[in-house]
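Student: Sequence:
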Amino acid sequence: MGDVANSSIEFHPKPQQQREAPHAGGFGCTLAELRSLMELRGAEALQKVQETYGDVGGLCRRLKTSPTEACGNVSAGAEDEGEAEAGWIEGAAILLSVICVVLVTAFNDWSKEKQFRGLQSRIEQEQKFTVIRNGQLLQVPVAALVVGDIAQVKYGDLLPADGVLIQGNDLKIDESSLTGESDHVRKSADKDPMLLSGTHVMEGSGRMVVTAVGVNSQTGIIFTLLGAGGEEEEKKDKKGKATAPCSKQQDGAMESSQTKAKKQDGAVAMEMQPLKSAEGGEMEEREKKKANVPKKEKSVLQGKLTKLAVQIGKAGLVMSAITVIILVLYFVIEAFVVEGRAWLAECTPVYVQYFVKFFIIGVTVLVVAVPEGLPLAVTISLAYSVKKMMRDNNLVRHLDACETMGNATAICSDKTGTLTTNRMTVVQSYLGDTHYKEVPAPSVLTPKILDLLVHAISINSAYTTKILPPEKEGALPRQVGNKTECALLGFVLDLNRDFQPVREQIPEDKLYKVYTFNSVRKSMSTVIRTPDGGFRLFSKGASEILLKKCTNILNSNGEPRSFRPRDRDDMVKKVIEPMACNGLRTICIAYRDFSAAQEPDWDDENEVVGDLTCIAVVGIEDPVRPEVPEAIRKCQRAGITVRMVTGDNINTARAIAAKCGIIQPGEDFLCLEGKEFNRRIRNEKGEIEQERLDKVWPKLRVLARSSPTDKHTLVKGIIDSNTGEQRQVVAVTGDGTNDGPALKKADVGFAMGIAGTDVAKEASDIILTDDNFTSIVKAVMWGRNVYDSISKFLQFQLTVNVVAVIVAFTGACITQDSPLKAVQMLWVNLIMDTFASLALATEPPTESLLLRKPYGRDKPLISRTMMKNILGHAVYQLTIIFTLLFVGELFFDIDSGRNAPLHSPPSEHYTIIFNTFVMMQLFNEINARKIHGERNVFHGIFGNPIFCTIVLGTFAIQIVIVQFGGKPFSCSPLSTEQWLWCLFVGVGELVWGQVIATIPTSQLKCLKEAGHGPGKDEVTDEELAEGEEEIDHAERELRRGQILWFRGLNRIQTQIRVVKAFRSSLYEGLEKPESKTSIHNFMATPEFLINDYTHNIPLIDDTDVDESEERLRAPPPPSPNQNNNAIDSGVYLTTRGTMPATSSVLSSGPGSPLHSVETSL
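Heads up: the sequence shown runs through residues 0 to 1160, numbered per this note's numbering.
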């Protein structure tokens, strides 16, 4: 690429022209110059730098920076605003209440959107890079990098900008993202100093001066091209291509767009398998639309609520229609039949007014019957939880994840940083022939050993690795750089010595030679010059490798003694193995001296790093976070299985799992390595079989040495499994780019906020801002709380609905007028819906939520206890209201409000009914705080100030409405005595609540539960009618020809399997277990006549069990040839179902594998 670029660049500019060129912003070089410089590679680039700037130092001076100090500043953004409205009398009051509901909903959506926007920008800002400014090491957001910054680069970094290397140690870069070459490119200041954005540092460390950021960097240029090409491509609708996101016009933001593109590519690789049909283009469009669907399926709660809301809505519609019909018929019959009046033209307006009044009453019934507050309650509850979860270090990206987490039955957690502190610490050491089980006191050690140890650790580690004082009071010191080196530096500090003076005495540029750590040599060595002109080599590395290179070891006096293979074996047995059994990683620290005369060939590393003298062997571990064992105990008590999936070795993983409490002595559990796990779940052909997986995962607690693919396989296997009574809901934690697939597949994906990569965060649902496992437990608590909050609201809401509908209906039928007027109903609706949802949805979670098992997908929203409460309170309220309606005027000695003429003023009688109704709702709201039959409904009420404020506020507004509402609210002011009676009846709700709590729910067998989640395999008609977006019927997409091809193929396969199954039933009896799959795959292929929604449907292809489940969740349609392997996969058929007349009847007992076959042959 460099050669092509060079052809257009003048290679030897004249010095005079160079000086006269216009320099942007007073810098010594222009943007174009820097861009053309960054297009060069290797020797050419070096030549250009030397000719134009003298050296890298000259370039730094032109950019007004220096290799040790630097520059740069950043700016901020903008805000938004809201709105309000007002109105007039009855129509206006109705309008006002509607506006209120709409505004609250809109405001909620707006704040949610704003929150997510903030979250997005936060994620972008969280990506930091180390630069030196004003002589200090700073972590700045990638977007804040400026040209001229001096940036530190180290192993593992993804470079966010282009730059020129100033100083490097054994730096190797993976440039495959730009060049496609997989070989690592060695970079050095004197050979090839060009570092390019988007490339990965694979080895070594160094410093570079930034020369291009954002859209001017190499990756930025590519993205600009992609962004421009993307639109054209969309128009052309090319097959199988995913367009890249447009480049952001913001410095440094290219990195996030780059990771997005990677993620997109990954998604394409993982999910897109376009049908190679003639209509490829159309398929592609649908595929694109489907691929953009963010989540896999409706959340459990949404499914249940949708179903319940539809049922309630239908009931309300029927009730309101009946009300209107009865009122109209009653009026017509009474006026024109019984009284025998004629319809006079001048009376028409009066009659029309009557009909309008009846219609309004009907609408009122409908308005009260339909719980508009339901979506509001869900939104408020989720939004409130999300806000509060932020404080608990859970940054929620998808609202429904919050509620799904409450149903979680399994958590697959990483080890490092999640269960452990991610702060490596030296806990045991072997120094001077003594094995110390904890950090020894400095006085115990010989000064010579101590001095050698401090020098070996301080010098032979990256100088960018250091331990800084804590940011907050009482926090732990900050570890910067490589974790293992930080542990060793921490060991030096624990021995009351300091590494900084040693480093100042021998600065980084005085180091003679550095062999940096890499995964092959598993050690790092540094050579320094000694004052006598000789050399000293310090080496550290994995003990099993380095001890083999040691020929001496320091004794207790600090003198070297010989270290033979026999001694080494002895040491392995007595020191290293016991450390490893405790889950410690052992590191050997050694040194070697060379005299000035015997300088070796420094490139012959094996010769140099040999014949060493061992100073010490230390055991380091990443200690378990102190709060994790308790959190895991809570999870287990709450019915959630915690599994550890780690890349670490099995001994360390087992030791940590035991310390955490994931595995307990005496339990029946499995700890497997990735290899063994794969051996157990794959068949001879190397394909994963769900049945084999189902034998492994229930007992599996630790999966060590696992690859990201293993993690994805495990998660998918658990989710697709049908072994338990209900489907498992799996949460997964991950931090690396390679965890993306598992995070996306899981029901809830947790990404690490500190250690996580952009791709992991992008694929996740919740980001743990402190990388701590206890935050996951808090997420479970909040999730369960959301579910309970919505159940509380439903219990309250439905009581009001039942009462209001029956009162409006009966009142209208008996007295031709609803005792509760339209405006009053709307006010009741407003308190019930908006305020009650606010009050009940903001209940804080308690620890007691973790004492029960997860609800699961099939548990109804309205339990039997709740149904008992709803009907019990409805009976009390209806009794009171009907008593007041028919004999209230006698009791209070007032005029009756029944049968009042059309425009009569508001009556005290009906005002008392309205007031009593509202008082009963207010006190019932307190009852609704408990849904599991608890007696103390006041428990923790003051812990929720919102609830108290709303109850008291509603009461105050009610007083104002009754006393001063007048005609608009159809209210007449009441006396103190009447108010006290209303209050007394309201307080009776609390007493009645205790009476209801006494009745055991188990005795009320007649009560039905409501709001079930959809069953494992059933699909409701409504959901089918809702179209392809809701449930993924991939087969619907297939064209007619493909359907015919499928049909023929399926018939042949089914016939083959019928024969095989028949044979297997003859030979093997009842040994084989049943296989089940979902109904969805067969919905669109008519050869399967599904006469009733049985749960067990004939299976096309056993190897596709997991694929069929996958298709329920993953948008892209399957490739048409996916069933072709079915014929030879030797699958036996196990079906139950109805037997069409055409199918051949194979006699078998009801328990045999072939109970009956459902095929229309």
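Hints in this document: simulated from the structure, not taken from any laboratory. Heads up, the beta-carbon is just placed ideally off N, CA and C, and yes, glycines get one too. Among the hints, a few may not be true.
Listed next, with one range per pair, are the computed distances between beta-carbon atoms [what the hints assert, rightly or not]:
| hint | residue 1 | residue 2 | range |
| --- | --- | --- | --- |
| 1 | Ala657 | Pro500 | 58 to 66 Å |
| 2 | Lys471 | Gly532 | 58 to 66 Å |
| 3 | Thr708 | Glu846 | 57 to 65 Å |
| 4 | Thr997 | Glu472 | 28 to 36 Å |
| 5 | Tyr329 | Leu94 | 26 to 34 Å |
| 6 | Arg560 | Asn648 | 25 to 33 Å |
| 7 | Leu870 | Phe890 | 33 to 41 Å |
| 8 | Arg560 | Gln504 | 50 to 58 Å |
| 9 | Glu437 | Glu629 | 39 to 47 Å |
| 10 | Ala440 | Leu475 | 39 to 47 Å |
| 11 | Ile958 | Tyr350 | 24 to 32 Å |
Computed list of lysine-lysine pairs in DSS-like fashion (alpha-carbon distance at most 27 Å, straight line) [to be verified]:
| hint | residue 1 | residue 2 |
| --- | --- | --- |
| 12 | Lys387 | Lys509 |
| 13 | Lys572 | Lys547 |
| 14 | Lys482 | Lys127 |
| 15 | Lys867 | Lys698 |
| 16 | Lys867 | Lys966 |
| 17 | Lys512 | Lys471 |
| 18 | Lys698 | Lys387 |
| 19 | Lys387 | Lys447 |
| 20 | Lys698 | Lys929 |
| 21 | Lys858 | Lys306 |
Student: All hints, please: hold or fail.
Tutor: Results of checking the hints against the structure:
1. Ala657 - Pro500: 58 to 66 Å: violated, 41 Å
2. Lys471 - Gly532: 58 to 66 Å: Violated: the Cβ-Cβ distance is about 48 Å, outside 58 to 66 Å.
3. Thr708 - Glu846: 57 to 65 Å: Since the Cβ atoms of Thr708 and Glu846 sit about 38 Å apart, the hinted range of 57 to 65 Å is violated.
4. Thr997 - Glu472: 28 to 36 Å: violated, 54 Å
5. Tyr329 - Leu94: 26 to 34 Å: holds, 29 Å
6. Arg560 - Asn648: 25 to 33 Å: holds, 32 Å
7. Leu870 - Phe890: 33 to 41 Å: violated, 26 Å
8. Arg560 - Gln504: 50 to 58 Å: At 29 Å between Cβs, range violated.
9. Glu437 - Glu629: 39 to 47 Å: Once the Cβ atoms are compared, 24 Å apart, the range 39 to 47 Å for Glu629 and Glu437 is violated.
10. Ala440 - Leu475: 39 to 47 Å: violated, 22 Å
11. Ile958 - Tyr350: 24 to 32 Å: violated, 38 Å
12. Lys387 - Lys509: Distance of about 52 Å is beyond 27 Å: violated.
13. Lys572 - Lys547: Cα-Cα ~15 Å, so holds.
14. Lys482 - Lys127: holds, 18 Å
15. Lys867 - Lys698: violated, 39 Å
16. Lys867 - Lys966: Distance of about 38 Å is beyond 27 Å: violated.
17. Lys512 - Lys471: Violated. Lys512 to Lys471 sits at ~38 Å, over the 27 Å cutoff.
18. Lys698 - Lys387: violated, 35 Å
19. Lys387 - Lys447: Violated: Lys387 and Lys447 sit about 55 Å apart, past 27 Å.
20. Lys698 - Lys929: violated, 36 Å
21. Lys858 - Lys306: holds, 13 Å
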